[in-house]
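Trainee: Listed below, chain by chain, are the residues.
2 protein chains.
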Amino acid sequence: MAHQFRNDLAALKADLDGVALEENPALVKQKSRDFFWYSPVLKAQLDHITADLVATPKDEAEVIRILKAAFQHEVPVTPRGTGTGNYGQAMPLSGGLILNLAEMNKVKAIFPGRVIAEPGAVIAQLDAETRAHSGQELRLHPSTAKTATIGGFIAGGSGGVGSIRWGGLRDIGNVLRLRVVTMEAEPRILELTGWELHKVMHAYGTNGIITEVEMPLTTAYDWVDVLVGFDDYMDAVRYADGVGNADGLLVKELATVAAPIPYDYFLRHQKFLKPGQSLAIVTVAAHAVDAFLALTSRSKGEVVFRSDTAEDLKGIPPNYELGWNHTTLRAIRVDPSITYLQSMYPPPHHIEKIEALTRLFGDEVPGHLEFVRFDGKITPMGLPMVRYTTEARLEEIIRIHEEHGCPIFNPHRYTLEEGGMKQTDETQLAFKREADPKGLLNPGKMIAWEDPEFDFTSTKTFLFPGLQQAS
Amino acid sequence: MAHQFRNDLAALKADLDGVALEENPALVKQKSRDFFWYSPVLKAQLDHITADLVATPKDEAEVIRILKAAFQHEVPVTPRGTGTGNYGQAMPLSGGLILNLAEMNKVKAIFPGRVIAEPGAVIAQLDAETRAHSGQELRLHPSTAKTATIGGFIAGGSGGVGSIRWGGLRDIGNVLRLRVVTMEAEPRILELTGWELHKVMHAYGTNGIITEVEMPLTTAYDWVDVLVGFDDYMDAVRYADGVGNADGLLVKELATVAAPIPYDYFLRHQKFLKPGQSLAIVTVAAHAVDAFLALTSRSKGEVVFRSDTAEDLKGIPPNYELGWNHTTLRAIRVDPSITYLQSMYPPPHHIEKIEALTRLFGDEVPGHLEFVRFDGKITPMGLPMVRYTTEARLEEIIRIHEEHGCPIFNPHRYTLEEGGMKQTDETQLAFKREADPKGLLNPGKMIAWEDPEFDFTSTKTFLFPGLQQAS
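Residue numbers (UniProt numbering), protein chains in the order written: chain V, 1 to 471; chain L, 1 to 471.
These are calculated hints, taken from the structure and not from any lab test. Possibly wrong hints are sitting among the right ones.
You can't tell identical chains apart in this list, so a pair holds if it fits in one copy or across any two.
Stated by the list, open to error - Below, in silico cross-link-like pairs of lysine to any residue (SDA-like), each with a Cα-Cα straight-line distance of 20 Å or less:
id, residue 1, residue 2
1, K300, G194
2, K271, K422
3, K300, W195
4, K108, H349
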């Protein structure tokens, strides 16, 4: 079903006089990429991908001009923040235009409990502004907070630091309002709230361009980073599960990483660690440190690092840059053969499931868990590292997880469905029909649009025809 | 082994020159009571109880003088805040002296995330000061916040409004530090933190006098009270369970009350209600109202009251004064034959348990649930009302709950153990040996102290010998 788009770039450019455009192939290619290369599978599939040009609007009016012209001249448009995704979320499979929203980065208004910002605001900068204004910060951020944009996080992410308190972005209340421009002959501006937000969240920009976000804020406490070392990884897992379920402890990040990953790959923290040590990575409010240490004193763990008492923090990254996909990044930097999976260990038997898989795979799949709230329950989500050999073995590892009752959200797929729930999202599909009737927004990412007959129960990987053509 | 105390009041008074003392029998009796009369059982047992005199220290130095003199002259001492307990927590079973801490009510210091206060600070006043100072408030408060003291809440309470976010007082991190004076020849001052806090928390002042508290604070948002009406009580229960498990919704209070209680007994709200309507009682942050309403729109409930849009709030109490023991209070005010129980419905089959008991008892036991976090899980705690007939039937209702896997924390008992876990708290017992060697602090409340041979597995009620003597 993938269309051959007219992609009339000359006509498009003629219509966009005054809009910042970039055509230098090296710079365009740079803006056409993300961290897809974490996956050897995606690296092989997507490495050649590039857009034809990049447009950098300075405001919503320019976004509307660009979409209107692109609609008329049938130029595919792939929106992008700063490209910190991991699955090619913002990579233009059909070429065309990259809509670079990084310059629409203003924080517009701050209130008790909420902030209104442009989509290109960098998350750490947004947090700095809300903290300075009124001691507030975002509930959730990715480990890439220092570079990622808030719009990109909403369009391509699912949760992160703070999810131990607040759940994921998709949980109602974690995004308050999105302003979205449609891809039509006359682009419309929509204000979405409540359940309507799900039309465009985590849709990779396939069905509308976010031009303004309203997000809930929480209190920006002084956060203390603590690393707790364990000789046995499962002791670290049980400990973290207990910390997560301690209702009176104000914790912002809670993860475990199995040996030998910490000592071997957390090079900036190596001086605090012992070889063979597994870690619990915890970020806790300053006023909760005493209670946290009391809890920790009853575990088998040993506090090996505290940011509030460390002599010198120079060169030491914050704990959140040891967690989520930064764990993987640190491992890959030392050993490029490493890749990863995304998994889930549903309660109440999550500990048993983790133990079984840990024993089964040993050092081929070193454990990494991020503890989050999921439907009200403290739930370990996995980002286990994989010492990659072949794609077939990777598929086998996925299958074994699923056979153990642990769903895999496959980070080696560039489509929404294959990376997610492996079924059509009818809400997003219906909204795309309305907001992007020509299918020009980020083509190839929504299987339900490209191939309505695709069989999600098969083991076959979706192959976007546009991608083949571009190869 | 209840002692006969010397109770030498004349010598005590001679030693307390300059301390505010009250001996007027009517005023002393008034300060010897709490809300024990919620229970027809306790009303019969405790109605005659009174102390001999009341001492009202103005600072810790006076507390020490009083304890030292009382120790020397063997006068029992029962500490008291404002007497908002429900089980005779602060009632002097052996007479002697009431230590009225209500005048030690200063808020001493406020920091990000914590407050230091004297024990007699009234909770609503404390919250008003921390809100004015830096937009902060206590994590937890009882429904009696407008009159209850912070010290009394810690010594006699277990949780309340805010427990849906933070769990109970006993959860580590929900009390940061307590300063305690012991009952010895030379009273010592102890600073307790971490696990040591459990030595004196919820001990009814049996093993030390709290003279200073340090509590965690959270953000004082604008809170919106909402009442959601349901035709079927179980729909209200399932709805509240869903709200509690919605991780992105910032909720401070979440309860359900079965028909006919709301219409019949919530007289100030009656104009908003229909006969036969069950309610979900919710308090939600202003910036979470939109998301909350989106969630509610998918339920069978109807929003019947919102404090943020109500035309006139004059005479309308806040939602927290419809919940917890205020629910019972409002019912008893209209129908004095009503009493209540305290129960728990452990997940994951909590809904089924509630449904079975609701069907079984019908209008004899109208449902009232307070949803809280308990060991990390959203858990409904019950404060069901009981249309009281006989003590035997009350015991039978308790037994039927327990047979359904729903523990009862019996509010018709004045001892720590019978109202709680029905076993000796070794930590508190050991600390009492150290901090109150003569057993002068609030005698009769800790069975483990009074009768080490008491059989907690029997169905026999503990009868404090001192209480018999006073009868």
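Trainee: Name the hints, by number, that the structure is in violation of.
Mentor: 2, 4
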